[in-house]
Amino acid sequence: MTGISITVSHEKIRAGALLDQLTGADPECGGVASFTGQVRLEPGLVALELEHYPAVTENALQAIAETATRQWSLHQAVIHHRVGRMEIGETLVFVAATAPHRREALDAVGYMIDLLKTEAPFWKQVHTKDGSHWVEARDTDREAANYWTDQMTSEDA
Amino acid sequence: MTGISITVSHEKIRAGALLDQLTGADPECGGVASFTGQVRLEPGLVALELEHYPAVTENALQAIAETATRQWSLHQAVIHHRVGRMEIGETLVFVAATAPHRREALDAVGYMIDLLKTEAPFWKQVHTKDGSHWVEARDTDREAANYWTDQMTSEDA
Amino acid sequence: MPITIRYMAALRDRMGKSEDVMELPSGITDSDALTAHLQDLDPAAHALAHPSIRLILNDAIAPRPSPIRSGDTLAFCPPFTGG
Amino acid sequence: MPITIRYMAALRDRMGKSEDVMELPSGITDSDALTAHLQDLDPAAHALAHPSIRLILNDAIAPRPSPIRSGDTLAFCPPFTGG
Chain L
23 MTGISITVSH EKIRAGALLD QLTGADPECG GVASFTGQVR LEPGLVALEL EHYPAVTENA
83 LQAIAETATR QWSLHQAVIH HRVGRMEIGE TLVFVAATAP HRREALDAVG YMIDLLKTEA
143 PFWKQVHTKD GSHWVEARDT DREAANYWTD QMTSEDA
Chain Y
23 MTGISITVSH EKIRAGALLD QLTGADPECG GVASFTGQVR LEPGLVALEL EHYPAVTENA
83 LQAIAETATR QWSLHQAVIH HRVGRMEIGE TLVFVAATAP HRREALDAVG YMIDLLKTEA
143 PFWKQVHTKD GSHWVEARDT DREAANYWTD QMTSEDA
Chain V
6 MPITIRYMAA LRDRMGKSED VMELPSGITD SDALTAHLQD LDPAAHALAH PSIRLILNDA
66 IAPRPSPIRS GDTLAFCPPF TGG
Chain A
6 MPITIRYMAA LRDRMGKSED VMELPSGITD SDALTAHLQD LDPAAHALAH PSIRLILNDA
66 IAPRPSPIRS GDTLAFCPPF TGG
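Note that the protein sequences, when read in sequence, are chains L, Y, V and A. 179 is the number that the numbering used here gives the last residue of the first sequence; the numbers go up by one with no jumps. 179 is the number that the numbering used here gives the last residue of the second sequence; the numbers go up by one with no jumps. 88 is the number that the numbering used here gives the last residue of the third sequence; the numbers go up by one with no jumps. 88 is the number that the numbering used here gives the last residue of the fourth sequence; the numbers go up by one with no jumps.
These are computed hints drawn from the structure, not numbers from a lab. Careful, some of the hints might be misleading.
[What the hints assert, rightly or not] No more than 27 Å apart at the CA atoms, straight line, and that leaves these computed lysine-lysine pairs for DSS-like:
no., chain 1, residue 1, chain 2, residue 2
1, V, Lys22, L, Lys151
2, Y, Lys146, A, Lys22
3, Y, Lys151, Y, Lys34
[Said to hold, decoys possible] Partial chain A-side listing against chain Y, Cβ under 10 Å, derived:
no., residue
4, Arg11
5, Asp18
6, Lys22
7, Glu24
8, Val26
9, Leu29
10, Pro70
11, Pro72
12, Cys82
13, Pro84
14, Phe85
All values derive from a computational prediction rather than experimental measurement. Each residue gets a CB set at the ideal place from its N, CA and C atoms; glycine is no exception.
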C-alpha cells in the first residue's frame, strides 16, 4: 500500500487529523514521521500571505514526494500546504511520511520540507502594521536543499 | 515557554490529539516534528507486550528529553510511551518536539526516539499463536543511539 | 499568436503589472532574448535578468534560457519561499 | 536487612522467578561479587554476568559493578528494547 497525497489549499490545515489518517492505517509500517510548520511571531508581523502557481506548484510537490518515496521506500507521503493569508500560530505546511523503519520516515520528512522550500513555486509576503514586503530566499534554505541533492547524486555515482 | 511532557501508560496513544496540543500553541515556534511508532505486522505476530520499570523508565525518558531540549533549544518535548499488550497497528510510542526552526525539531525527534530504544528500561515481548518470546536488542539500534552521543561528545570537545 | 508574460510576486510589484500580452517580436527565440527585449521597453525589467530568477514555461518549471514561441506563457519567478 | 534482587523480562524467564530476597552474605560489597554468589547458588545465574546485562539499583540505572549494601534493591536487566 503506497500513496502520495498532495494538497494546496486556502483551508486551515488540521495537522492532528492528517496524522491520524496515517497512524494505524498500514500494518506494514512501523513509523510515521511528520513536520508541521506554522507562522512564527516576528517583530511587526501581523499576517503572512502565501501565493502559489496553480498546477505547477502541485506538480513540483508531487515530484518531491515521488523522489522521497523512491529514495526511502515510503508507503505514504503527504504534503499539505496552505496558501492565502494566515495569522501567527496557524499551520502553513504539514509534511508526513510512513515507512517500515523510523530513520527512513524521518529522513524523508526532512527531505520533503527542505526541498519544497526552494523547489516548489510559493512566495511568502509579510504583512505588518506599516505595510507589506516579500520574504527573501535564504541561503540556509538553499544549503539545506543542496545537502539532500548532493547526497543523492553521490549515492548514484 | 518550554516544557517537557513524559507519559508511560497502558492507555491508547492518540497521536493526532497530542500533535494538536503542540501546534499553534506557541507563537515563537516555527516547527513541530513528530514520530509515531506503531506495532508492525510480522510473521506470526499476534500482539506485542511492553514491560517497563516504573519511575526509572520515566526518569530515563525525562533525562533524554532534557538533553534534547538543551541540545536543540526546544520549546516543548513530548515522549508518550505505551506499555502492556497491544495489537498490530496500535501506537506504541509518540515523540514530538517544537523549536523555532525545522532542523532542530526534526533532529531532536530523531535523537529522542533513537535514545529511548536503548537507554530507557522497556522490554518487548512478542506473542504469537505458538507462544511468546522476548525481542532481542538490535545492533542497529545501538549504533543509532551511538551516532548521537558520539556527535555530542565531539561537539563538547 | 501572442505570447503571455507573467511577473510573479516581488517581480509583479517591480514591474507594476502582473502580465504582458504581446506579439513575439521576430528574431526572438529564447527567454534570454525576450528578457533583453523587455529591458529595452522598460528598464525595470533588468530585474528579470537576475541569476536568481526562475522560469515557468507553459505550466512547467523550465531552465534558463528556454526556447519560446508564439502562444507560450512564460512566467518570471523570484526565488521560491514556501514552507 | 535483606537485599532484594529482581530479574527483569527474559532474565525472569531464565531464572524462573522475578525476585529473590536474601540476607546479603558477608564479604559481598558489589554487584559483581553478588552475581558470582548467585551463580554458586544456581548455574542459570551465569546469564546475569553477560556483558549486555544492565543494573537498576534502588530506582536508578547504575554502572557495573556498583557497590551494594543491605536494604538495596538490585534489578538485573536485559538490554532495553522499547520504542
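Numbers of the earlier hints that this structure fails to satisfy, in rising order: 6, 7, 8, 9, 10, 11
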